[in-house]
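> Can you build the whole structure from these sequences, using the hints too?
Number of protein chains: 2
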Amino acid sequence: MSDDEQRGRGAASVHRVGGLLGDLQSADDQPVAPRRRADAERNRAQILSAAEQLFAEQDPRSVTMGEIAKAAGVGRATLYRSFPDPSSVAVALLDEHERRLQGQLIYGPPPLGPGAPAGERLAAFYLAMLDLLERHLPLALGAETGPARFRTGAYGFWRVHVRTLLVDHGVEDPDPLIDIALSPLSPELFQFQRHQLGLSAERIGGSLAVFARRLLESGGGR
Amino acid sequence: MSDDEQRGRGAASVHRVGGLLGDLQSADDQPVAPRRRADAERNRAQILSAAEQLFAEQDPRSVTMGEIAKAAGVGRATLYRSFPDPSSVAVALLDEHERRLQGQLIYGPPPLGPGAPAGERLAAFYLAMLDLLERHLPLALGAETGPARFRTGAYGFWRVHVRTLLVDHGVEDPDPLIDIALSPLSPELFQFQRHQLGLSAERIGGSLAVFARRLLESGGGR
DNA sequence: TGGCAAACGGACAAGGTGTCCACTTAGCTT
DNA sequence: AAGCTAAGTGGACACCTTGTCCGTTTGCCA
Numbered sequence: 001m002s003d004d005e006q007r008g009r010g011a012a013s014v015h016r017v018g019g020l021l022g023d024l025q026s027a028d029d030q031p032v033a034p035r036r037r038a039d040a041e042r043n044r045a046q047i048l049s050a051a052e053q054l055f056a057e058q059d060p061r062s063v064t065m066g067e068i069a070k071a072a073g074v075g076r077a078t079l080y081r082s083f084p085d086p087s088s089v090a091v092a093l094l095d096e097h098e099r100r101l102q103g104q105l106i107y108g109p110p111p112l113g114p115g116a117p118a119g120e121r122l123a124a125f126y127l128a129m130l131d132l133l134e135r136h137l138p139l140a141l142g143a144e145t146g147p148a149r150f151r152t153g154a155y156g157f158w159r160v161h162v163r164t165l166l167v168d169h170g171v172e173d174p175d176p177l178i179d180i181a182l183s184p185l186s187p188e189l190f191q192f193q194r195h196q197l198g199l200s201a202e203r204i205g206g207s208l209a210v211f212a213r214r215l216l217e218s219g220g221g222r
Numbered sequence: 001m002s003d004d005e006q007r008g009r010g011a012a013s014v015h016r017v018g019g020l021l022g023d024l025q026s027a028d029d030q031p032v033a034p035r036r037r038a039d040a041e042r043n044r045a046q047i048l049s050a051a052e053q054l055f056a057e058q059d060p061r062s063v064t065m066g067e068i069a070k071a072a073g074v075g076r077a078t079l080y081r082s083f084p085d086p087s088s089v090a091v092a093l094l095d096e097h098e099r100r101l102q103g104q105l106i107y108g109p110p111p112l113g114p115g116a117p118a119g120e121r122l123a124a125f126y127l128a129m130l131d132l133l134e135r136h137l138p139l140a141l142g143a144e145t146g147p148a149r150f151r152t153g154a155y156g157f158w159r160v161h162v163r164t165l166l167v168d169h170g171v172e173d174p175d176p177l178i179d180i181a182l183s184p185l186s187p188e189l190f191q192f193q194r195h196q197l198g199l200s201a202e203r204i205g206g207s208l209a210v211f212a213r214r215l216l217e218s219g220g221g222r
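One line per chain: the protein sequences are P and R, in this order.
Each residue of the first sequence is one higher than the one before, starting from 1 at the first, in UniProt numbering.
Each residue of the second sequence is one higher than the one before, starting from 1 at the first, in UniProt numbering.
Nothing false has been slipped in among the hints.
Pulled a few chain R residues facing chain P out of the computed Cβ check, cut under 8 angstroms:
1. 61
2. 146
3. 147
4. 175
5. 177
6. 183
7. 184
8. 188
9. 189
10. 206
Simulated from the structure, these hints should not be mistaken for laboratory data.
Even glycine gets a Cβ: it sits at the ideal position worked out from N, Cα and C.
This is the structure:
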């Protein structure tokens, strides 16, 4: 998605999880892809920075390409060169924030990382995602363009992770359950619960933890 | 939503559930609201009929007000008089299909209606909703305009129903769980599972049934 | 320093939205 | 049964967004 995929940063969110500690942006050069020019890099940074602010200060769903371009001080066509639509900008932004969590799921200490029972790991995952949503809700809402959400690299990562947990627990037919287990993390749902119903993040988190443990109760998945 | 609310048909989906058997459209006159004129009624019917076809034969998210108006053979402004946007047309259409299920949940035989254990009722509800999605997916997708989905009368009804089940089961803090339990029924999720992943309705239904029973296991909710 | 490919951004055409307003018509009134 | 009045209609208008084209500028390498 966005143009990361086309240009070499590759399936970034899925595999670029190295550097659990080294959080600095690792060098972005690729062996094959022609390097990005310096001005392009600079513009990209301006765009991302300006867009992050835009998404935060107005309805994320109403941000237009024109607004982003103007805020970033570049022409619209320049913006189109990097991103096909506003939501892909939000996806790129969100991606950076999600990468840390992805690393923790693979290499981190339990219960997020390997080593804890599946139910506990799922509960921990829910809480971590909730924290992510709480902190970056505008971006998550801006990224959510209907069906495109499921084609995101990040969503693919969460799927792989949850599938691992389900299989680990010995669930019978795990595949349909993957997305069912992920569905409570929908950004729009979170917004509704949090700001329409006025539920605290703690209550939602508590329910999700209960939910996770009940779903993957110790004693085998059958 | 739509203009049903403004014009007297009231919170139709939530309370107009009488007639579990009498499926014919009950008389639509209201004591207070000024009656709709005959030509307006006729146009409304044409609009709904034309729109249902449109939603079915192209990407439901791409249907525009102009297209609906043209297909219905009315002017755009006439359409705007009845519906503020395409998704509200889909909501109105879907509403009619949902009303039968709503009746069955309240007055029907178990396990859909009262009388069965909460877990069984939830499982039955999931299967019924899945069936609805399978048959009217285009409308469901057309109706799904982001956060507006949660403000739908129908969604409110499902919330009330699920809350009843949760309370009935003795769940500790039911409110945050309501929407979590409803989240697997998102039309976009269903579409993804069904047509992107290629899962059969049966497999999805099976997982949802397992899911429901595990969530509301017999033996009390705590 | 010169040249070239990459990147930029102003401009254009197409199409959607929501509203206004002059005209038509249904349905009550006498 | 004809007239009146307000509800209903639909063509048209102004505004905004989108996606692309293309002449110009700029980084980078030889």
